[in-house]
Amino acid sequence: MLSMMEEHHPKKNGNKRTGNSGLKAQQELVRIEAQITRLQSMQGQSGDTPQQIERLNQRVNDLRREVASQLNAWERTELARHPQRPYTLDYVERIFTDWSEIHGDRGFRDDPAIVCGMARFHGEEVIIVGQQKARDAKQRIYRNFGMPHPEGYRKALRVMKIAEKFKRPIFTFVDTDGAYPGLHAEERGQGEAIARNLLEMARLEVPIVTTVIGVGGSGGALAIAVADRVLMMENAVYSVISPEGCASIMWRDPTKKDLAAEAMKITAKDLSALGCIDGIVPEPPGGAHTDHAQAAELLNTALQQNLAAIKHLPAPELLETRYRKFRDMAQFFEVEA
Amino acid sequence: MTWFKRQSGHLDTSGEKKVRTEGLWVKCEGCRQIIWKKDLEDNLNVCPQCAKHFRIDARARLAQLLDDDLYEVFDSNLVSTDPLKFVDLKAYSSRLQAAKKDTGLKDAIINAHGKLNGRPIIISAMAYSFIGGSMGAVVGEAITRAIEKAIELRRPIVIVSASGGARMMEGVISLMQLAKISAALARLDAAKIPYISVLTDPTTGGVTASFAMLGDLNIAEPGALIGFAGPRVIEQTIRQKLPVGFQRSEFLLEHGMLDAVVPRKELKPYIARALDFMVQAA
Ligand SMILES: [Zn+2]
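Chains as they are written, first to last, in my numbering: chain A, 1 to 337; chain B, 1001 to 1282.
Treat each hint with caution, since some may be false.
Negatives, chain A to chain B, calculated, CB over 12 angstroms [as the list claims (entries may be wrong)]:
no.: 1; residue: ARG31
no.: 2; residue: GLU78
no.: 3; residue: ARG94
no.: 4; residue: ALA293
Chain B regions said to be covered by chain A (calculated; three or more residues, Cβ under 8 angstroms) [to be verified]:
no.: 5; region: 1070–1080
no.: 6; region: 1209–1216
Source of the hints: derived by calculation from the structure; they are not laboratory data. Fair warning: this is a prediction, and the values are worked out from it, not measured in the lab. Ideal Cβ positions, reconstructed from N, Cα and C, are used throughout, including at glycine.
I would like the entire structure built from these sequences, with the hints used as guidance.
What follows is the structure in C-alpha cells.
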C-alpha cells in the first residue's frame, strides 16, 4: 500500500510546496505504512498484532487527512484527474439501483462521453446525467476522455426534459476537462449546444442536484451544472480554463500550471468561499480513489440531504430560488461614482 | 494617435497588430491596399476595395445602429473589484487600469437606450479593445441588467458580441456569468421580448457558449471569427491544419449555426425588419 502522495507524485516527495508539517506527516505516513505491512506479514505470531494494526490504521487515516488538508491547488488538480478516481458510472453502480441507460441526441449520434439514464435513488425514480471518463486505452478513446461533443450536451438536455415531463429529480455528475475542442464539434455547434443547456436548465421545473466529482472544465462542465444545488467533492476542481491553458496564455509558459491553478481559485474550499458552490462532499482520508465504496457512501449521504432540502418546493419557488442563486452569484463589482 | 482617437474614435485597432495606423492611412489586411482612413470611416470601417470588415469599438457600433447617433448609456459605472487579486506576469488590477485609460470605459461593455428606425430599443455592445472584450463579473452584470431592463420596459434587445470569452483573471466567477446571463435570457424568452444577437469579429469561448448563440435570431458580420474553442487550441488537439474559412461567419452559416450573415451597412435595416416582424402593435 502506497501513500497517496507517493502514488500520485512519485518524483515530488518532499516538494517545497507542501508545507513543512505536511512533509512530516507524509514521512510518518510512509513509515507507518511500512510498519503495517510488516505486522500484517507477521499476523498470527503475536496475539496483540490486530489491535496494533488497527491503531496504526487509525493513525494512517489521521495523517492522510492532514496531508490532504494541505494540498495546494495543483496537487488537488492531479487528484481530481487521478485515473483511479471513481467516475460517474462507478458512483451510479454504488449509489443507485435499476440503472437504465438512455442513448442518443435524436439528431446525430450517441455521445459516450456523457451518460444519461433512469435510475432509482433510495427507491425514488430519478434521472442521471454525467460525463464519463474511462481507464483503459480503448475505453478512454471510446469515451473521448470524457470530453463531450455537442450531441452529448443535446442528449443531456433531451433526457433532462424527460425528467421534467414526468416530474423526476435530476442528478448530474460533472467530470470533464472540457467540451471537446475539435473540428467536428465546432461544425456541429459546440457553443450553441452548451448555451442552450444553460438557458434550458435555468427553467427546468424539477429539482437538480449537481456534483463536481472530479474535474469541472469550464463551459463544458457548466453545461450540465445549472442546478439548485451544486456540490463539489473535496478534491474536485472547477475552473474556467485548465491550469495548463491559463499558464500558457497568461504566463506564456505551460509549466507554470501550479501558479495558474493557485491564482484561479479552483478548489472546493476556494469556490465555496467565493459563493460559487453550495456544498463540499467529504472524501475518504486519502482521496476518493483510495476507497470507492466509502467515497460513494459519503456522496450518497450528501445527495440525500441536498435532494431532501429542495424536492418538496413547488416548481415556481424552486425556479425563483434557482434564478436568484445564479443571479446574485459572483457579484464582484462596485459602483464607481 | 491622439488625433486619431479623439477625431474618429471609431477604428478599434487594439486586436489587429497587422493593421498599421500611420497617420491618415491604413493598410487593409484583406486586400493589402492602402486606404485613406477617411474613406474607410465613411464606409463604416468596411474596406471599400475588398469589403473586409474592420473591428469597430462599442461607441461606433451604437452610433451606427441607433438613430441620429443618439443614445443614453446606463449602468456604465460598474467596475471590477479584482476578486481573486489575480497576478500573472502582470497584476490584473494594473491591466484593468491600463484598459480603462486606453478605452475611456470601465469595462468591456456599453449598455444603451436608443431608437432604431424610431423604435425604442436596448443595445448592449461589447468592447473588444477592453482586455479582449473578455467577460468578467462587470460584463456579466451589465448584460444581465440590460436584459432585465428589456423585460421591465418590454423593449427589444440587441447584444453585439466582440469577445475572446470568459475573463480568466476572474476564474470561475467569470464562468458563472454564463449561467447568470443565460438564466436572464430564459426569462426574456418567456416574456416573449425580441432578442437579436449580433456576432462580430471575434466571438469565441464563453460568449459563444452562452448569450451570443441564444438570440431569437443569431446574425453575424461577414468574415467574423466565431467559435467555442480557439483555432490554435483545436489545431493542437487534432494535430492537423484547419481548413480555410473554418470558424468564419460563412462557415457557420453553411453549417446551420447562424440565421444570416449581414454586411455592416445592412445591419440596421436587417434588425429593423426583424423587429417589425417580432413586435406586435400594442
Ligand atoms: Zn481591403
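Hints numbered earlier in the text: which of these fail when held up against the supplied structure?
none
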